[in-house]
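Based on the sequences and whatever the hints tell you, model everything.
Note that the protein sequences, when read in sequence, are chains A and B.
Going by our numbering, the letters in the first sequence line up with residues 28 to 176, in that order.
Going by our numbering, the letters in the second sequence line up with residues 1164 to 1299, in that order.
It is worth saying that the hints were derived from the structure and are not from the lab.
Predicted model only: the values in this text are computed from it and were never measured.
Be aware that a few hints might be false.
List time: in silico DSS-like cross-link candidates among lysine-lysine, alpha-carbon distance up to 30 Å [stated by the list, open to error]: (1) A:Lys80 - A:Lys176; (2) A:Lys63 - A:Lys80; (3) A:Lys80 - B:Lys1221; (4) B:Lys1250 - B:Lys1273; (5) A:Lys76 - B:Lys1273; (6) A:Lys100 - A:Lys80; (7) A:Lys63 - A:Lys100; (8) A:Lys176 - B:Lys1264; (9) B:Lys1273 - B:Lys1221; (10) A:Lys63 - A:Lys176; (11) B:Lys1264 - A:Lys76; (12) A:Lys35 - A:Lys63; (13) A:Lys35 - B:Lys1221; (14) A:Lys35 - A:Lys176; (15) A:Lys35 - A:Lys100.
Not close to chain B: a few residues of chain A, all C-beta gaps over 10 Å, as computed [unchecked claim]: (16) Glu31; (17) Gly64; (18) Arg81; (19) Asn125; (20) Asp145.
Note that beta-carbon positions come from the ideal geometry of N, C-alpha and C, so glycine has one too.
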Amino acid sequence: MLQERELKTFVDGTTNYFEIAAQQPASVGSPYLVTKGTPGVHGYTGVIKVSGKREGVVYFTAPRTMLTVLLMKLKETDFSDATLCDLVGEVANTISGNARRDFGRDFVISVPSVLTGDEVEIPMTANMRPYVIPINWRSHSAKLVVALK
Amino acid sequence: MFAVKASAAGPDPGRPRRLLIVDDSNIMRRHIERSQQFDDLEVVGTAANGVEAVELFKRTDPDVVTMDLTMPQMDGIECISQLVALKPTVRILVVSALADKATAVEAMEKGANGFLNKPFSDRQLNEALAELLRGS
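Quick look at the structure:
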């Protein structure tokens, strides 16, 4: 069973990005467990794989609209697909770095990979029930998905 | 945000310091370039990995480098070793999401002079650069 402390590390890694880089905090919606099927994704997804004490994946998935506004906050003027992928990868990179700091060497955390499209399948271990944490920023909503056992 | 541009002037105030930015994220390279507030710090190049960084370093002779750690081809730790071997007086600021103490210590042992965690605000970047330049 995932501990609250572990979940908090991933949530903090995500919200820190908005608070520090964009200078506008994100709010966290009520987390829920997905008991049937998969949580689904938005258009841009940064995935980190976790092994060691826990096994599975953690991903941050956001729509183009949210990422575009975030880029504007960073004073970026290039809103191409490549830049949006770069940005979602940076958010995942921050989540990964936070986890490495908090969990130490008990967790082996991969360098993030980035997927695009809203129909991609994120590979998950069978019988795993992922936590979904809504991340709300301005009028946009993204998801942090923690699927670890 | 700094309202007034700070000075990076060192022992030779007539010559701008030369900055090389190394990061595999294009956004991050441009963000650092845009956000650094020093009039007398000139960005002489940007590199997406350690191999490119070493090549650019030889061509542009920077005084200051911002260095990501997790990069393809050659990571930041190896790159720091190579840059310091080429120019022992170079000042290197590690800019990384790898926030654990062991990583920071390893980077410092290889020759880095400062460490800035990602994500960072403009103010944090400029304070870290100012600190780095004060020590040069």
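Results for each hint:
At most 30 Å may separate the alpha-carbon atoms for a hinted pair to count; lysine 80 of chain A and lysine 176 of chain A meet this at roughly 9 Å. For a cut-off of 30 Å, the pair hint linking lysine 63 of chain A to lysine 80 of chain A stands: about 25 Å separates their Cα positions. Only pairs whose Cα atoms come within 30 Å are accepted, and lysine 80 of chain A paired with lysine 1221 of chain B is rejected, the gap being roughly 43 Å. Restraint check for lysine 1250 of chain B and lysine 1273 of chain B: the C-alpha separation of about 13 Å stays at or below 30 Å, so the hint holds.
For the suggested pair lysine 76 of chain A and lysine 1273 of chain B, the alpha carbons sit about 28 Å apart, so the restraint of at most 30 Å is met. With a CA separation close to 37 Å, the supplied pair lysine 100 of chain A and lysine 80 of chain A exceeds the 30 Å bound. Simply put, lysine 63 of chain A and lysine 100 of chain A have alpha-carbon atoms about 37 Å apart, too far for the 30 Å limit, and the pair is violated. A threshold of 30 Å between alpha carbons decides the hint, and for lysine 176 of chain A with lysine 1264 of chain B the separation of about 26 Å falls inside it, so the pair holds.
Simply put, lysine 1273 of chain B and lysine 1221 of chain B have alpha-carbon atoms about 19 Å apart, close enough for the 30 Å limit, and the pair holds. This hinted pair checks out: lysine 63 of chain A and lysine 176 of chain A have alpha carbons roughly 16 Å apart, not beyond 30 Å. Under the criterion of a C-alpha separation no larger than 30 Å, the hint pairing lysine 1264 of chain B with lysine 76 of chain A is consistent with the structure, at around 22 Å. Restraint check for lysine 35 of chain A and lysine 63 of chain A: the C-alpha separation of about 24 Å stays at or below 30 Å, so the hint holds.
This hinted pair does not check out: lysine 35 of chain A and lysine 1221 of chain B have alpha carbons roughly 44 Å apart, beyond 30 Å. Between lysine 35 of chain A and lysine 176 of chain A, the direct Cα distance comes to roughly 16 Å. Compliance with the 30 Å bound is thereby established for this hinted pair. Distance restraint check for lysine 35 of chain A and lysine 100 of chain A: the Cα-Cα separation of roughly 25 Å lies within the 30 Å cut-off, and the hinted pair is therefore satisfied. A cut-off of 10 Å between C-beta atoms confirms that glutamate 31 of chain A is not in contact with chain B; the least separation is 21 Å.
With 10 Å as the threshold on Cβ separation, the claim that glycine 64 of chain A sits away from chain B holds: the shortest Cβ distance comes to roughly 31 Å. Arginine 81 of chain A, annotated as away from the interface, keeps every beta carbon of chain B farther than 10 Å; the closest lies near 17 Å. At roughly 7 Å, the least C-beta separation between asparagine 125 of chain A and chain B is not larger than 10 Å, which violates its mark as non-interface. At the 10 Å boundary, the C-beta of aspartate 145 of chain A stays outside the reach of chain B, the nearest C-beta of that chain being 22 Å off.
In summary, the numbered hints that this structure violates are 3, 6, 7, 13, 19.
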